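Sequences and hints are given; from them, build the entire structure.
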Amino acid sequence: MSSAIQQSALNQLFNEARTYNEWSEKPVDDKTIRDIYDLLKWGPTSANSCPARFVWVRSAEGKAKLAAVAIDANRPKILAAPVTVIIGYDLAFPDTLPRLFPARAEMMRQMYLQPGIAEVTAMRNGSLQGAYLIIAARALGLDCGPMSGFDNAGVDQAFFSGTRMQSNFICSIGYGKVGTPYPRNPRLTFGEAGRFA
Numbered sequence: 018m019s020s021a022i023q024q025s026a027l028n029q030l031f032n033e034a035r036t037y038n039e040w041s042e043k044p045v046d047d048k049t050i051r052d053i054y055d056l057l058k059w060g061p062t063s064a065n066s067c068p069a070r071f072v073w074v075r076s077a078e079g080k081a082k083l084a085a086v087a088i089d090a091n092r093p094k095i096l097a098a099p100v101t102v103i104i105g106y107d108l109a110f111p112d113t114l115p116r117l118f119p120a121r122a123e124m125m126r127q128m129y130l131q132p133g134i135a136e137v138t139a140m141r142n143g144s145l146q147g148a149y150l151i152i153a154a155r156a157l158g159l160d161c162g163p164m165s166g167f168d169n170a171g172v173d174q175a176f177f178s179g180t181r182m183q184s185n186f187i188c189s190i191g192y193g194k195v196g197t198p199y200p201r202n203p204r205l206t207f208g209e210a211g212r213f214a
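With the numbering used here applied, the sequence shown corresponds to residues 18 to 214, in that order.
Incorrect hints may appear among the rest.
[What the hints assert, rightly or not] Mimicking BS3-like on lysine-lysine, the simulated pairs with C-alpha atoms at most 30 Å apart in a straight line are:
| no. | residue 1 | residue 2 |
| --- | --- | --- |
| 1 | K43 | K194 |
| 2 | K194 | K80 |
| 3 | K80 | K48 |
| 4 | K82 | K194 |
| 5 | K48 | K82 |
| 6 | K82 | K58 |
| 7 | K58 | K94 |
| 8 | K94 | K82 |
| 9 | K94 | K43 |
| 10 | K80 | K58 |
| 11 | K48 | K194 |
| 12 | K58 | K43 |
| 13 | K48 | K58 |
| 14 | K94 | K194 |
| 15 | K194 | K58 |
| 16 | K80 | K43 |
| 17 | K48 | K94 |
| 18 | K80 | K94 |
| 19 | K82 | K43 |
These are computed hints drawn from the structure, not numbers from a lab.
Remember, it's a predicted structure, so these values are computed and weren't measured experimentally.
Listed below in structure tokens is the structure:
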């Protein structure tokens, strides 16, 4: 990387990007969904573990199933969004290491077999990949509405039954209705959030 990206791109990704709760009727097509994934997959993860798993919920049946296990405030958001992605993580991710990290796959796999290591690694790196998803979607001109506020066990039963996958958070994606975001809340200053050491 040799130079900073343009200010307009920074604005689109961060400075002017907002969380949306209301959506236009413009659909998000298959190609755009695949383009989002094809960008986010390049974000770094520990040992290239790539533990995140994504369910792109957009059918009426899928939306109803997801909305049924969400809190009341989130149900209309899920039903109205063109797509709501379940960002989960796969506790069986070490099985993919021979393909994703061939240089040291067996050594890393043995490390992840130690109690608690796979769980922490999958949650941490799956969360990173969920953040990459938001940045990728914004880079492609979409808006995002990430949410917790749902029954994780209910989502896991409805969408990941019979697997070692677990849900982390969900994120609606589409084209937000202009003028609908709440006024932007403040953020912590550099000094409040961190320090040099």
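For each hint, the structure was consulted:
1. K43 x K194: This hinted pair holds, its Cα atoms lying about 10 Å apart.
2. K194 x K80: With a Cα-Cα distance of about 19 Å, the restraint between K194 and K80 holds, given a limit of 30 Å.
3. K80 x K48: holds, 20 Å
4. K82 x K194: The hint holds at about 24 Å.
5. K48 x K82: holds, 24 Å
6. K82 x K58: This hinted pair holds, its Cα atoms lying about 27 Å apart.
7. K58 x K94: Status holds; Cα separation ~26 Å.
8. K94 x K82: This hinted pair holds, its Cα atoms lying about 13 Å apart.
9. K94 x K43: holds, 15 Å
10. K80 x K58: holds, 25 Å
11. K48 x K194: holds, 22 Å
12. K58 x K43: Given that 30 Å is the threshold and the Cα spacing comes to 25 Å, the pair holds.
13. K48 x K58: holds, 15 Å
14. K94 x K194: holds, 12 Å
15. K194 x K58: It holds: about 28 Å lies between the C-alpha atoms, which stays within 30 Å.
16. K80 x K43: Within the cut-off at roughly 17 Å; holds.
17. K48 x K94: holds, 23 Å
18. K80 x K94: Holds, at roughly 10 Å.
19. K82 x K43: Roughly 22 Å separates the two Cα atoms, so the pair holds.
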